[in-house]
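Residue numbers (our numbering), protein chains in the order written: chain A, 1 to 318; chain B, 1 to 295.
Hints should not be assumed to be uniformly reliable.
[Said to hold, decoys possible] A short, non-exhaustive set of chain A residues, derived as facing chain B with CB atoms under 10 Å: (1) Leu16; (2) Val22; (3) Leu30; (4) Ala128; (5) Leu131; (6) Asn133; (7) Leu140; (8) Val142; (9) Leu155; (10) Val157; (11) Gly160; (12) Leu161; (13) Pro264; (14) Gly267; (15) Asn297.
Just so you know, the hints here were simulated from the structure itself, not pulled from any lab data.
Glycine included, each C-beta is placed from N, C-alpha and C at the ideal position.
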Amino acid sequence: MARYLLTRAWQSALTLLLSTIVVFVGVRALPGDPALALAGEDRSPEALEAIRRHYGLDQPLPVQFAQYVERMAQGDFGVSIRTGTPVSSMLTTALPVTVELSVLAILIAAALGVGAGVLAAVRRGRPAEWLANGLALIGLSVPHFWLGLLAILYLSVATGLFPASGFVPILEDPVDNLHHIVLPAVILGTGLAAIIMRQTRSAMLDSLSSDYVRTAKAKGLRPRAVITRHALRNSLIVVVTVVGLQLGGLISGAVVTEQIFGLPGFGKMTIDAVFQRDYPVIQAVVLLTAAAYIVINFFVDLLYSVIDPRIRVTGDPA
Amino acid sequence: MSVLTVPMAETGTASITRRTRVLRRLRRNPLAVVSFVVLALAGVIALLSPWLAPYSVDQTDFARTFAPPGTAGHLLGTDDLGRDVLSRIMLGARASLQVGLLAVATSLVIGVPLGLAAGYFRAWDAVISRFTDLLLAFPFLIMAVGLAAIRGASLGNAAVAIGIAQIPGVIRVVRSDTLRLKSLDFVAAAVVDGASDLWVLARHILPNATSVILVQATVAIPAAILGEAVLSFLGLGIQPPAPSLGTMLATAQQFAARAPWAAVLPGVVIMGLALAFNVFGDALRDALDPKGDRR
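Sequences are here, hints too, so could you generate the full structure?
Structure, rendered in structure tokens:
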């Protein structure tokens, strides 16, 4: 176990370093002089020179990289070119929104996906399976931002049941907060639910035809107990993995969902930054996403190896 | 070699038998037939859309903006600039398919050789795995954001961003299939026979891995189509005035109060295309599955 943990930790650290290099090189590949971009209105030679010195742009690249890593590690992502606010403080206000949205979406997706997946496997060949399969295929194929758009047009605007946009921090008013975020979370969750459903169904079908389930049935266990205690428990490994693998998709999905529902989160910040060519913000967003993905996946892998001891031995999720 | 070439059967029976069996299974599955017909129709319409479209996509008519569907001369109505919605949907779907194919081609060209190498050469596995981890750390939207910041937003850059993000999936399935095939007797026989690594990979492993690659491609295309729609909707993909289903939805959101119907059709077309690919991909996987009856 310790060996597996060390290997995974080393691999994650290496990936983190590589992605930092990619972002660093990417920023240098941006068109135009970064000093010019950072300068904004004041483009006098003296101002540009001052910026170059301040950001170490006059240093050799390896030195620049070292300084860059040092700054990032301290949470200093620079200052937004457009607003003049430090990127770190923008992140402090934006991140909680995205985290809340994503966590809610995962909960909704897991509940829907596992439920429908188990139902489809247990009711094999019956209408319930067809319905669950059909919904999952549609869930995989529907553009979720479009669902969000329709939800705003035909649910929020038409009926007034949900607010069409905006956000209230959870600490300010938890009820109003939930009221604002529940529709976006459902929309974001449905796509993930479709993927979880298909994986759960297929894992459940495998477990249901396995020997230990036959044994459980033979010893006279109630069908419900066979399904929940034996088949489902072993299928849950799949859900954990799927959520880990889909994290990238979830981040992408959150960006779009926030944009549509006007939630002031990480995603909206990203898109605004691209259009305003706010490079310090873009760089922070890209780097943080990569770091978050790597760290969370490390923990997903650990969790996975706790659930399934075989992985610790072979080190290779089958 | 064409992607559609069905691999030689591993058991040694003539490849024609396996191909016949797969095709027969597909023909007997009504969902496969329907989705194939939908895709074939969409493909023909996309290819011929520059000639089929009733209007030029850029032809504005400021006297008739936001004409509702069913208006004489404009079957599906007009948009905010009085452009014909039907024509724009046809060319938008064409762009969606272009991005889908381009993205998947990108991911296959890079992912297949890497997956083969990772599965075949033990020494390369670790390096390629780190590369895969690195790619996974940049979700497609973040990749697209970065690429749009560096190279500008366009159809090509959107397709490349989506394609790069799909490489890890290709590497994963090709690697695991290569690992499986490598342990089979016919590969061992070829090695004993003195075949070079390259020869074994090209003549024995790749042809037999074609079915997993094919299935992977069929599920990657709809994902790429959805990805293009998202990017164009956000303004990171196809740039106006070029027609794209995603940008049509962005415009629809802007004018939702005046023309709420405009938000419906482009989304239905995107979903229809993606659904047809996903249904056909499912059917293809079932038909290729040697176990057969598993659905």
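A quick look at each hint next to the structure:
{"no.": "1", "hint": "Leu16", "result": "8 Å, holds"}
{"no.": "2", "hint": "Val22", "result": "7 Å, holds"}
{"no.": "3", "hint": "Leu30", "result": "6 Å, holds"}
{"no.": "4", "hint": "Ala128", "result": "15 Å, violated"}
{"no.": "5", "hint": "Leu131", "result": "15 Å, violated"}
{"no.": "6", "hint": "Asn133", "result": "9 Å, holds"}
{"no.": "7", "hint": "Leu140", "result": "5 Å, holds"}
{"no.": "8", "hint": "Val142", "result": "5 Å, holds"}
{"no.": "9", "hint": "Leu155", "result": "12 Å, violated"}
{"no.": "10", "hint": "Val157", "result": "7 Å, holds"}
{"no.": "11", "hint": "Gly160", "result": "15 Å, violated"}
{"no.": "12", "hint": "Leu161", "result": "17 Å, violated"}
{"no.": "13", "hint": "Pro264", "result": "16 Å, violated"}
{"no.": "14", "hint": "Gly267", "result": "8 Å, holds"}
{"no.": "15", "hint": "Asn297", "result": "8 Å, holds"}
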